[in-house]
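Going by my numbering, the sequence shown runs without a break in its numbering and finishes at 90.
Possibly wrong hints are sitting among the right ones.
What the hints assert, rightly or not - Pairwise CB distance ranges, derived in the manner of DEER restraints:
1. D82 to I62: 16 to 22 angstroms
2. A16 to G54: 17 to 23 angstroms
3. A52 to D82: 27 to 33 angstroms
4. L75 to G29: 20 to 26 angstroms
5. F38 to I62: 19 to 25 angstroms
6. R85 to G29: 32 to 38 angstroms
If you are wondering where the hints come from, they were derived from the structure by calculation, not from laboratory data. Glycine residues also receive a C-beta, built at the ideal position from the N, C-alpha and C atoms.
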Amino acid sequence: MTLIAPSARTDGPDPAVLDGVVQALASQGIVVTDVNTFFGGRGWSVTVHHAASGMTETEVRIAVWNTITNYTAILGAPEPLDGVRVHIGG
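Produce the entire structure from the sequences given, and follow the hints as far as they go.
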């Protein structure tokens, strides 16, 4: 199950960007339980509940970062200039 916190919808990118990121990560075997943005989308916080077997923590972090930067660039949303925080196992 994928849940996006309501607070993520109020401060940052369009919900389509958030949904796209969550769906793209799910297609890579990464289950996200929470996505929050802050500073108008300049920073992201993502909680990963589960990743595909065989993926290292580093690979998960890279996948999350790449997915967010790709979606924000493609859809014209603010890029995460202040970083992406990835919490694994939440």
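Tested hints:
Under the hint 16 to 22 angstroms, the C-beta atoms of D82 and I62, about 18 angstroms apart, fit the expected range. Between A16 and G54, the C-beta spacing of about 30 angstroms breaks the proposed range 17 to 23 angstroms. Checked against the hint of 27 to 33 angstroms, the C-beta distance between A52 and D82 comes to roughly 28 angstroms, which is consistent with it. Distance hint check: the CB atoms of L75 and G29 are about 23 angstroms apart, consistent with the given range 20 to 26 angstroms.
A hinted range of 19 to 25 angstroms holds for the C-beta pair F38 and I62, which are about 22 angstroms apart. The hinted range of 32 to 38 angstroms is not satisfied by R85 and G29, whose Cβ atoms lie roughly 21 angstroms apart.
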